[in-house]
Amino acid sequence: MASSKKLFEVPGEVLKIAEDIKTMRIRGAGNIARNAARALAIAASKYAYREGSVEDFIRYIEHVGRVLVNTRPTAVSLPNAVSLTLKPIKTGRFSSVEEAVRAVVDAAERFISYSKEAIEKIAEFGARIVEDGSVILTHCNSSAAASIMIRAHESGKDIQVIATETRPKYQGYITARVLASNGVRVRMITDTGIYTALRNVDLVIVGADTITSNGALINKVGTSQIALIAKNMSIPFIVAAETYKFSPRTYFGEYVLIEERDASEVVEKPPMGVRVWNPAFDATPPEYIDAIVTEIGIIPPRSASIIIKDYLGHEIGEAISVINFDESEPI
Amino acid sequence: MHTHREFLNVLGATESAINIIDNFRKISSRKDRGSVLEAVEYLYKAYKTRRYSALLINTTRKIFEKLLEAGNPNNIEDIARTIDEMVERIIDEVNQATDRAAEIMSKRIEDGDVIITLSYSGSVLKAIKRAHDRGSEIEVIVSESRPIGEGLEMAKHLARIGVKTTLIVDSAIRASIERATKAMLGAEAIAANGAVVNKVGSAVLALAAKEARVRLYIVAGTYKILPETIFGEMIALPSVEEEIPNDLKEMGVKNITPLFEAISPDLIDAIATERGFIAPEAIPFIVREVYGSWPPNLKSLETMYSELKSKLKKGV
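If you read the sequences in order, they're chains A and B. Sequential numbering from 398 applies to the first sequence in the numbering used here. Sequential numbering from -11 applies to the second sequence in the numbering used here.
If you're looking for bench data, these hints aren't it; they were derived computationally from the structure. Worth double-checking, as some hints may not be accurate.
Per label pair, the in silico range of CB-to-CB distance [as the list claims (entries may be wrong)]:
id: 1; chain 1: A; residue 1: E665; chain 2: B; residue 2: F265; range: 39 to 45 Å
id: 2; chain 1: B; residue 1: I244; chain 2: A; residue 2: E665; range: 24 to 30 Å
id: 3; chain 1: B; residue 1: R203; chain 2: A; residue 2: M421; range: 34 to 40 Å
id: 4; chain 1: B; residue 1: R203; chain 2: A; residue 2: E665; range: 30 to 36 Å
id: 5; chain 1: A; residue 1: M421; chain 2: B; residue 2: T291; range: 55 to 61 Å
id: 6; chain 1: A; residue 1: Y511; chain 2: B; residue 2: E166; range: 36 to 42 Å
id: 7; chain 1: A; residue 1: R699; chain 2: B; residue 2: E229; range: 39 to 45 Å
id: 8; chain 1: A; residue 1: E665; chain 2: B; residue 2: N234; range: 19 to 25 Å
Being a predicted model, the structure only gives us computed values, none of them experimental. Cβ coordinates follow ideal geometry from the N, Cα and C atoms, glycine included.
Just need the whole structure built from these sequences, with the hints factored in.
Set out below in structure tokens:
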């Protein structure tokens, strides 16, 4: 048997993906999820001890799963993707490492293609509720939200999008780039401009990092103040979210940890005596959300638990109960 | 459309206006007809391009009024001296009013308060400094306030006087407000109905404060009240264009944000002025005190300007 240390050696390519998620070179909840699944497939394919025990492989691949999950704490899409990809090896029986490797690679591929199809479905459902002539405000960058706006535009609806720049990392530029290159009219505002801009907006569409079991939205910081103003002005506030962004853990009462990132993202060198607080996300209460567009259908936020129970329950719920991400494996 | 650069001087509303008034005096300092005319023209132009700066508008009115009623147009030195005296007095009055407003506000700052603010306001800074000097333990949360980002300057000033200071991005206002016990802002202008015009993002902060039941106070001398708004005059809200990556520009994308926005009076708990701590809806009372009547008897600045120009040219 290989030494434990060797056994747990994570391939460089996989560590690179983990590092890129951490430093936000890979970003966006959906994209992070797909990359996590891809990383697990790579880790499985590169596993060297094919003649060894299936148990060793399982311990190895779970270790990789933990390395990936521990990169960023808030978006549930990451642990959900890892759980869905590792579920077969937790529930199936394998006579060889080869078989188990195959199961992980297949599950990763299934997850990635499911995730892409989900965006298609969300685009289709979401575009139907965008009226011709709408001015839409969006925040940060979300492939699911962008897909709705692009589909609405492609279906011949004349829309205009206002994208917030989204400090500190300016993900609004990515949104503007994606939309404008697809022919959507875009203009940008600073994040402070939301109140004045919303006075001429018909609809807000944002993505999601996590949806809790009671329908709260955890998304890029700034989302909740847009929702507050939209509520005040009776502007519909729509969330685009694949089902794997719903958090089974919150169903069991857990809080979502809001990641706090480094001060240097806000100001290169904080002035002497000035502390910087840089939360990456905030929580939007369900009462400010009009609808969540998922690949299964459009739901009111308060019924988020139906997604967790009926669509994720058998999949993620069980997987989560068998993989404890918090427990670090001694090496 | 203003370019970013014009607003790059990160000064509060009061300081910016004072700078212009001081320039006006400097231009007239040669004390000949040409320079006095040039100074008057400068002031009028500054007013024309800053129809949001209440202090500048009110001061221009005061100066024009005084120059119209006083001085022999043939004695240009006399007129120049009037300018000198007036500017000095106005700056003194503004400073005193700000100090008094800050003093009144500081009485509402309690030990242990966490104050959330946005942009740079000399008046808010003075109020906090007074409370801090008195020995109150205060923490201030400052939002960076893009475009321009005067919040960073505000944070530097607060830290320098020893106040515990936390800087946040503008998107984190609502996320931070649950930690705040009070919200405090300066003003660019105060309208007839008690609406306060201030740096963009102020309305976001005001609504988030209301939602969290955090009281919002405005610190502003009554020189920030714009009496023209009583007669429907709108406060100009210029926009600034931010730099964005080139590829976006090439696709026709622009980042344009208004520099100011109005805070609805129902979101404001009180305005601390040098004349007292008042509800925003009580602005008419203050106007009556300051101008002697409500509605005030106002002559248009345009009319005053042309009268003043012909008066000054008469001596030629």
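How the hints compare with the structure:
1. For the pair A/E665 and B/F265, the beta carbons lie near 40 Å from each other, so the given range of 39 to 45 Å is met.
2. At roughly 26 Å, the beta carbons of B/I244 and A/E665 sit within the given window of 24 to 30 Å.
3. Our hint of 34 to 40 Å for B/R203 and A/M421 holds, since their Cβ atoms are close to 37 Å apart.
4. With their beta carbons about 34 Å apart, B/R203 and A/E665 fall inside the hinted range of 30 to 36 Å.
5. For A/M421 and B/T291, the hinted distance range of 55 to 61 Å is satisfied, since their beta carbons lie about 59 Å from each other.
6. Restraint check, A/Y511 to B/E166: a C-beta distance of roughly 37 Å satisfies the suggested window 36 to 42 Å.
7. Against the hinted window of 39 to 45 Å, the Cβ-Cβ separation of A/R699 and B/E229 comes to about 41 Å, which satisfies the hint.
8. Taking 19 to 25 Å as the suggested C-beta distance range, the pair A/E665 and B/N234 conforms, at roughly 22 Å.
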